[in-house]
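Chemist: Sequence:
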Amino acid sequence: MVNKYPNLRCQVATTPDHVRDAMILRSICFVHEHGISPSFIFDGNDHQATHFVFYDGEEPVGSLRIRWFADFAKYERTCFREKYRHPFTVKRCIQMTFDHVARKGYTKVLTQAEQRLARLWTILFDLEIVDSPPVEIAGHPEPYLTVVGTIPASSDPITMESSSAMLLRIEGQWDAPSSFETA
Numbered sequence: 001m002v003n004k005y006p007n008l009r010c011q012v013a014t015t016p017d018h019v020r021d022a023m024i025l026r027s028i029c030f031v032h033e034h035g036i037s038p039s040f041i042f043d044g045n046d047h048q049a050t051h052f053v054f055y056d057g058e059e060p061v062g063s064l065r066i067r068w069f070a071d072f073a074k075y076e077r078t079c080f081r082e083k084y085r086h087p088f089t090v091k092r093c094i095q096m097t098f099d100h101v102a103r104k105g106y107t108k109v110l111t112q113a114e115q116r117l118a119r120l121w122t123i124l125f126d127l128e129i130v131d132s133p134p135v136e137i138a139g140h141p142e143p144y145l146t147v148v149g150t151i152p153a154s155s156d157p158i159t160m161e162s163s164s165a166m167l168l169r170i171e172g173q174w175d176a177p178s179s180f181e182t183a
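For the sequence shown, the working numbering assigns the number 1 to the initial residue and increments by one for each residue that follows.
I should point out that these hints are in silico values taken from the structure, not numbers from a laboratory.
Every value quoted in this text rests on a predicted model; they were computed, and no experiment measured them.
Taking lysine-lysine pairs in the DSBU-like style, the calculated list, with each CA pair at most 30 angstroms apart, reads:
id	residue 1	residue 2
1	K4	K74
2	K108	K74
3	K74	K91
4	K91	K104
Label-pair ranges, simulated between beta-carbon atoms:
id	residue 1	residue 2	range
5	E161	K4	39 to 47 angstroms
6	R85	G139	15 to 23 angstroms
7	R119	G35	20 to 28 angstroms
8	D99	R20	19 to 27 angstroms
Where is the CB? At the ideal position from N, CA and C, for every residue including glycine.
Take the sequences, apply the hints, and build the full model.
Modeler: Here it is as structure tokens:
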């Protein structure tokens, strides 16, 4: 298959502009297109999550957030602008986040989605729908199913034994000295 979007990149939201882009994308995809309540889409968990924005060059095209639990990373609010909702593009973008998740020491991932999207996660990422009861959410036509799976472990996870400098660095930029480090 021809790579339709060769300039796709994944950005951890570390600046106000990145966070703005993530929120705009969620507003377009969830609130505007699907009429989902903003109070559900923008909840108190936004301040505890790591947000990712996917760009085609400089154009924001998708976003998601990840919340971190004891032994798994939970993918939430995954959305893409309509033009970019091709399985190949979605897979490329989400796979870019797996390195970050694994680097933080996680190998188990979970998401909750409507049936058709849950099925997409199982096909694209070899995850499975678990037998827990679906969650009914007000304003959603379908219940949410829980999808779980395992991603490859990082060969270089961030641990308590990682360098002190690395532990001070900006999220996702662990391998590059930051501007506040002295030689």
